[in-house]
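In our numbering, the protein residues as written are 828 to 1180.
Be a bit skeptical, because a hint or two may be false.
[Claimed, not checked] Calculated pairs, DSSO-like style, for lysine-lysine (alpha carbon to alpha carbon, straight line, at most 30 Å):
| # | residue 1 | residue 2 |
| --- | --- | --- |
| 1 | 891 | 1031 |
| 2 | 1081 | 1136 |
| 3 | 1053 | 891 |
| 4 | 925 | 1095 |
| 5 | 916 | 1031 |
| 6 | 1020 | 995 |
| 7 | 1053 | 1066 |
| 8 | 995 | 891 |
| 9 | 1065 | 1101 |
| 10 | 1058 | 961 |
| 11 | 1011 | 1059 |
| 12 | 1066 | 1041 |
| 13 | 1058 | 1047 |
| 14 | 1058 | 1041 |
| 15 | 1066 | 918 |
| 16 | 1101 | 961 |
| 17 | 1082 | 1053 |
| 18 | 1101 | 1081 |
Calculated directly from the structure, the hints in this document are not laboratory data.
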Amino acid sequence: MKKLKFLLISSVLLINSCNNMDKNNNPIPGAKGALEETYASLTDGIYADIQTNKGDMILKLTYKETPLTASNFIALAEGDHPLVSEEFKNKPYYNGIKFHRVINDFMIQGGDPTGTGSGGPGYSFEDEFVDNLKHDGPGVLSMANSGPNTNGSQFFITHLETPWLDGKHSVFGKIEIGQEIIDKIEQNDVINKLEIIRIGQTAKDFDATTVFNKYIELNKKSNDEKLDEQKKWLEDIKKMYESTDSGISYNITKKGTGENAKDNDNVKVHYSLKLIDGSEVDSSLSRGEPIEFTLGVGQVIPGWDEGIKLLNKGASCTLVIPPNLAYGEAGAGNGVIPSNATLIFEVTLVDIN
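Could you put together the complete structure from these sequences and hints?
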């Protein structure tokens, strides 16, 4: 995609210093001085004006194509997001936050109030992928995450094309003015202010808080339906699989040889992990190396300490582990494994020592 160059406005300022209207002769909201002239060049849409210590960058948000991701970003910026932690309520979230991660010829990343890369707004939401929105050049605005469906407040802007991020990070905007500012940003540079600019009636009618609240409502209904399906699935599994007294359901799919593994044995295990919805979370097979640990000493989740002892060397098994023997209410991986998730493991006991 063609690189958009910074708009040179100095000569325009000398001629049109009193112009307060956009290209459609509508008043420009919240703009003063030089910014008025910059905003006047913009077409209808919703924009994020990220005002940093190095200068301003203006990005156009794809609020029609990615309403969930855009509404999250807008509501955070304007201080009226419905899900933020108490400490962030009724405050423009991004003002004063640093770009905590900058990689030359790759991207700049910000949106973490702690500046560590592990902070967030106190909630997470799902990915939102659109086929025609790609990491296809410099200035692409996209969500940072720690895995599938773990979006929060952190975002990044690219220096160049990064196609390997497609389908993994949700694109929701692109640079309109100020790519050279993006290229100047260094680690710990500051977002002095992040201002949302709406141009045109459709953009003005877009209520980010309402849009995100609708998502919460629909997601709750969807989750309730999923829970009903999962309960039925678990009931069926219990009828087909054997169960331990603790509540693990299991099905031996391949028999091994020798004695079963026992506490304090050093074992090597290949595994794949899925959630009840069928999404794969992790796999040692993709890394080509089994996990190695001491059994029965708390190095792994309780469901594994118990479940692996059902196997002898070479045996394979499906383990369905309830939340209380997995990661419980806390979940894991910043939302990769949700709260109170039942886990489905395909395991093979490779070796016992």
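Hints not upheld, ascending by number: 4, 10, 11, 12, 15, 17
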